[in-house]
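Student: Residue strings, one per chain:
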Amino acid sequence: LACSLPSAMEVKLETAPVDKRFANTNQAKHCYAYYNAYHQCMYENNDDAEACFKLKRNYMSLCPTKWVESWDEQREAGTYAGPVPGEK
Amino acid sequence: AIGAVMYFHSHRGGEVMLFAGLLATTLSMAIWWRDVVRESTFEGHHTVVVQEGLRNGVILFIVSEVMFFFAFFWAFFSASFCPTIEIGAIWPPKGIECFSPWEVPALNTMILLLSGASVTWCHHAIVAGKHSNAVISLALTIVLAAIFTGFQLFEYSSAQFSISDGIYGSTFYMATGFHGFHVFIGTTFLAVCLARLLSFHFTTDHHVGFEAAAWYWHFVDVVWLFLFVAVYWWGGA
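Chains as they are written, first to last, in our numbering: chain A, -17 to 70; chain B, -2 to 234.
What the hints contain is simulated information worked out from the structure, not anything from laboratory work.
You can take every hint at face value.
Computed cross-link-like contacts, SDA-like style, restricted to lysine to any residue with a CA-CA straight-line distance of at most 20 Å:
hint	chain 1	residue 1	chain 2	residue 2
1	A	48	B	86
2	A	38	A	55
3	A	11	A	23
4	A	11	B	84
Model the full assembly from the supplied sequences, consistent with the hints where possible.
Tutor: The structure is reproduced here in structure tokens:
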């Protein structure tokens, strides 16, 4: 029984590239770095989603969804503990 | 301890238990050491061997106190070397207005260092048999200790953050708070020594109680130096 997916349905499974700065099993800081980098990029490029697409894709892959949701809520409420672009 | 726990958790009778416990402990210490002074100064039982034993005992006690502070410094460094994402992965955490180390903390450092010098002066005066010098230098040490405590209380009252303000608040106040308590103990010890000095309890070659107080005071000073460098300077803005 030869099972082969039609090429149109080929799915490439990948995540963020290996980053030597985050060499340990715990990738939490890696996720955090991309999340902050994405928002910094959006700020610098006037919310150009295409320019920052790779960063968004990486953080969406690395970060638990709950974390992203909670950080987005904190950003809106002004209580985000991390770096907010444009803030001293 | 039970009283303190009851008090913290607002159980009925907590304050009474805590106060009773503290009173019992303080009275036990006072009566115990009163007896030690009676046995030594008044009854002459503290031979050279006994004195050596007491010195060793005091040193070991101070070593155990070092262990105690080691724990709080561990907690501080554990929190601050690799700050968690929840506080923004930076130290000090966002929103914490730290003390500038170069204002009151630096002044307090100078005060404690000077008090370390004056207590050493006192020891030299005792050994040289210079009674009035010893009284002046020990009184100076106690005054400096009181000034230090006063400045710390002022800092605490004007602080922009409390012990409840996250891990920064917890580590800061646990470390500096216990240090302050040890300053109080050390000051009391020195005050007792001053009272004994004025009563001519110490001779030029037999003053173990004073030596113990001076060692304890130096220990308090060294802990402050570590606190200053780690918590105020490195750990500050």
